[in-house]
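Participant: Sequence:
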Amino acid sequence: MAVVMSRQLRDNELAGTGAGSAMARAACRLAQLLHAPGLSYLAGGSGAVNPYLEPLVASSCDYANLLCESTLQLAELISSIPAGRVDVFFYGGLQVDRYGNVNLSRVGDPTRPRFRGPGAVALPLIGAARRGIIFMTDHSPRSFVEKVSFLTAPGFLDGPESWEKARAEGQIRGEGPVMVITPLAVLDFEESTRRMRLVSVHPGVTVEQVQAATGFELILPAQVPTTTPPDPTEIRLLREIDEERLLSQPLN
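Using my numbering, count along the sequence shown one by one with no gaps and you end on 265.
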């Protein structure tokens with residue numbers, strides 16, 4: 014997943030990552046080493062800019078991230094999103110629905126939720142980032158749902174009409190979520206309907222397995238390719254970034 018995420022980053026961009034984002038931080042560093050030397054990235058709650066990842070740690074709030082090029086106050090970091098300075102933001106959640114709306118807040122009855130997540134922080138502002146990339150470490154009907162229990166980070170809302178209305182009113186300024194990356198597949202959103210569409214399946218995974226693991230009907234192209242696997246250089250560099258093999262631990 015980290016390699017696929019790194020391939021989406023471009024030179025001279027500013028990327029944002031959240032609190033529980035070791036994979037996203039590793040992806041940013043990998044992109045810097047391979048094809049985007051001018052990329053800069055923000056490490057969530059620590060306020061670190063371009064942390065050296067020595068070592069890569071699970072949370073961006075860990076003090077180890079302060080071994081970095083520079084730091085920002087948390088308010089500065091969060092305000093960089095609505096200010097339009099963030100080109101791409103990596104984020105995930107407890108749930109995601111067919112329109113790319115993400116829930117990181119709670120599941121179940123609002124008065125007595127079955128489960129509480131870490132909450133919003135900057136995610137309600139995600140619509141101001143130029144583009145969003147969702148990464149989900151669980152791909153199952155539990156996390157890929159028909160409609161999120163709570164809207165933490167807006168995707169395409171209820172579809173094209175509601176999204177275009179929000180854009181016209183200035184509530185959303187970016188492109189919206191452009192990709193979803195999971196342990197099974199890569200997905201994006203079909204341009205006219207804004208519904209989630211299967212782009213590729215990872216090696217060893219079938220289209221049928223991805224659809225069965227998704228709690229709503231995906232748009233399925235006639236031909237679905239296999240995700241390009243990591244090449245030897247990508248694997249070597251990622252192992253150097255992740256010396257403690259944090260990313261090799263079970264995802265769930």
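Hints in this document: simulated from the structure, not taken from any laboratory.
Hints are not guaranteed to be accurate.
[Stated by the list, open to error] Straight-line C-alpha distance at most 16 Å; calculated EDC-like pairs for lysine to aspartate or glutamate:
(1) Lys160 to Glu67
(2) Lys160 to Asp171
(3) Lys178 to Glu188
(4) Lys160 to Glu188
From a predicted model like this one, the values you see are computed outputs, not experimental measurements.
Participant: Each hint should be assessed against the structure and marked as holding or not.
Facilitator: Each hint, compared with the structure:
At most 16 Å may separate the alpha-carbon atoms for a hinted pair to count; Lys160 and Glu67 exceed this at roughly 39 Å. Annotation: proposed proximity of Lys160 to Asp171 holds, straight-line Cα distance about 9 Å (limit 16 Å). Note on Lys178 and Glu188: the hinted pairing holds, with a Cα-Cα distance of about 14 Å set against a maximum of 16 Å. At most 16 Å may separate the alpha-carbon atoms for a hinted pair to count; Lys160 and Glu188 exceed this at roughly 21 Å.
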